[in-house]
Amino acid sequence: MKSIESIITFLAYTAIIAFAIGSLKQINAAAEEKLDSFEAKTEAEKCAGIIDSFYSNTGGSFEGLSLKCHTKNNGILSAKNNSTANAKTIAEHKKITSANEKTFIEIETTEHYEK
Amino acid sequence: MKNKGQISFFEAMFPLIAVIIILFFVLWSASNFVTRSDRMQKELSLQVKAIFIADSMTKNHDQKNPLLGLAYKNKKYKRVENNIIEPERLQNTSESGEIAGVKIQSIRLKESNGSEKIVFNSKTASKGNCITAERFVQTEGAERKKALLLVMVCEK
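Chains as they are written, first to last, in my numbering: chain A, 1 to 115; chain B, 1001 to 1156.
If you're looking for bench data, these hints aren't it; they were derived computationally from the structure.
Keep in mind it's a predicted model, so treat the numbers as computed, not measured.
There's no promise every hint is true.
[Stated by the list, open to error] Some chain B residues close to chain A (C-beta under 7 Å, calculated; not the full set):
1) 1055
2) 1056
3) 1079
4) 1080
5) 1099
6) 1100
[Said to hold, decoys possible] Listed next, with one range per pair, are the computed distances between beta-carbon atoms:
7) 1117(B) to 23(A): 56 to 64 Å
8) 1145(B) to 30(A): 53 to 61 Å
9) 12(A) to 1156(B): 47 to 55 Å
10) 4(A) to 1031(B): 34 to 42 Å
11) 100(A) to 1026(B): 39 to 47 Å
[Said to hold, decoys possible] List time: in silico EDC-like cross-link candidates among lysine to aspartate or glutamate, alpha-carbon distance up to 20 Å:
12) 1064(B) to 114(A)
13) 1042(B) to 39(A)
14) 1064(B) to 92(A)
15) 1076(B) to 114(A)
16) 80(A) to 1155(B)
17) 34(A) to 1043(B)
18) 1064(B) to 108(A)
19) 88(A) to 1155(B)
We treat Cβ as the ideally placed atom computed from N, Cα and C, and that holds for glycine.
Here chain B stands alone, though its shape is the one from the complex (with noise of 0.2 Å):
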């Protein structure tokens, strides 16, 4: 510095790198957190598939695709029964388990003496990322069991 009250331009410079690093990085932190969104909101769209498919198998009652009607028709009252299941359509049903999107991988059903029984599981593994859905049902049957229903639902 030959004169007093002038700074040169590489003596200016330093500070405006290390304003630009700074802009850098913030800019770097807001990218990642829309990347973070959009990774939640994909979460979030699987966690409401699953429960509208898990919802869908215990409230219709569908012979075509049990897989989304699982629940019970009464002959005698002619009607379906929510929540009341019969998992042994699913024994010969050959639905692969894509719907609507997504896959589903197995449905379990877990009774209160804590046995679990898979009544249904998909004949590929998913790679991408798997949510449960558990919802309280009743099996139809000789006799009807309350049983915990496990509705896993993977990306496709």
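Next up, chain A with everything else stripped away, as it sits in the complex (with noise of 0.2 Å):
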């Protein structure tokens, strides 16, 4: 009887720590995908940020930036591994498009300075 109490408890006792742990795994690839979602989103409200200042300073073309993000249904669209995250922006009329690590942006605007 104590054999099979021991051997009873001891069945248990790994039952439940691999539950433990399997639980654990679970709870850090959510983690990590949260996380990814958040650097998104970050990522997509600094490139709204960059084009909304863009806007309210003449607007035009700029290129240089080195920008995570690209222009997509209006909106801003930025990914960090399987997680997608968008921003909006005041400027309606804008795009974002990269080649080899740059940036290049082009925003339209009002007026500032009549010809």
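Take the two lone chains, each set in its own frame, and fit them into one complex as the hints suggest.
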């Protein structure tokens, strides 16, 4: 009886520990995904901020920044691993394209100077 | 306990249950932290949007949408003058105040004599959080006056 009790105890604790390890792995994966989503959102908001500040300062085109986002469906989209996030901007007519780690921005705004 | 040096399964369960309860509270606290971070990110995004809306209002001149272009255009010098605004252009605007996923709830001007004037008020009240962006401007009119522009922006 003592050996049976010992075996049952051992099996019960093994099951509990296995369940705990499995749960912690799932929690870790969910936390990683959440962190990626958070970083993607931060990057999208940063891009939106740059575009909005450009909109208020005569707009036009600019090259040389290194942004991790692009325009999609009139909004800004940023991705990190499998997570994506979007942000909206004040500027309606905008374009962000990236090539060779350099970003090209083009924003249309109202004229500040008359010719 | 019939034999020395051997504890039963049920006696060992109690500390294990205590450890599981402590782990639960740790994870629950971590989950609360994540929810708060989400909330803080939304509030920060609203603050940034409010600042840029106020920035656009005071630096752009837009006849079609004065909420984003209230700056005065100097016809003599053929240029828009930053931080000098024409609040009367908001009087007849039909704009709803919805811009870039947020809503301009109200725009007020506070003068140095303490008086406050509402120059724009949205027709519907917002149910979400609101933030007010403030910046100093001058109002164009018979006489240029300094005023504090208060732009209240709310979640839609």
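Assess, step by step, whether the Cα of residue 1076(B) is no farther than 20 Å from the Cα of residue 114(A), and give holds or violated.
Since the Cα atoms of residue 1076(B) and residue 114(A) sit roughly 10 Å apart, the hinted pair holds (cutoff 20 Å).
Can you confirm whether the C-alpha distance between residue 1064(B) and residue 114(A) stays at or below 20 Å?
holds, 17 Å
For the pair we were handed, residue 88(A) and residue 1155(B), check the Cα-Cα distance against 20 Å.
holds, 13 Å
Would the hint on residue 1080(B) be counted as holding, given a Cβ-Cβ threshold of 7 Å to chain A?
Holds. Min distance 4 Å.
For the pair supplied as a hint, residue 1064(B) and residue 108(A), is the alpha-carbon distance within the 20 Å limit?
Given that 20 Å is the threshold and the Cα spacing comes to 15 Å, the pair holds.
Need the status of pair residue 34(A), residue 1043(B): alpha-carbon distance at most 20 Å?
The hint holds at about 18 Å.
Tell me if the interface restraint on residue 1056(B) is satisfied: Cβ within less than 7 Å of some Cβ in chain A.
holds, 5 Å
Quickly compare the C-alpha distance for residue 1042(B) and residue 39(A) to 20 Å and report which way the hint goes.
holds, 13 Å
Straight-line alpha-carbon gap residue 80(A) to residue 1155(B), limit 20 Å:
violated, 26 Å
Does the interface hint hold: is residue 1100(B) within less than 7 Å of chain A, judged Cβ to Cβ?
OK, holds: residue 1100(B) within 7 Å of chain A, min 4 Å.
Range hint 39 to 47 Å (beta carbons of residue 100(A) and residue 1026(B)) holds or violated:
Taking Cβ atoms as reference, residue 100(A) and residue 1026(B) lie about 46 Å apart, which means the hint holds.
Assessment of proposed distance window 34 to 42 Å (beta carbons of residue 4(A), residue 1031(B)):
holds, 40 Å
Hint 16 alone, counting from the list given before, is not met by this structure.
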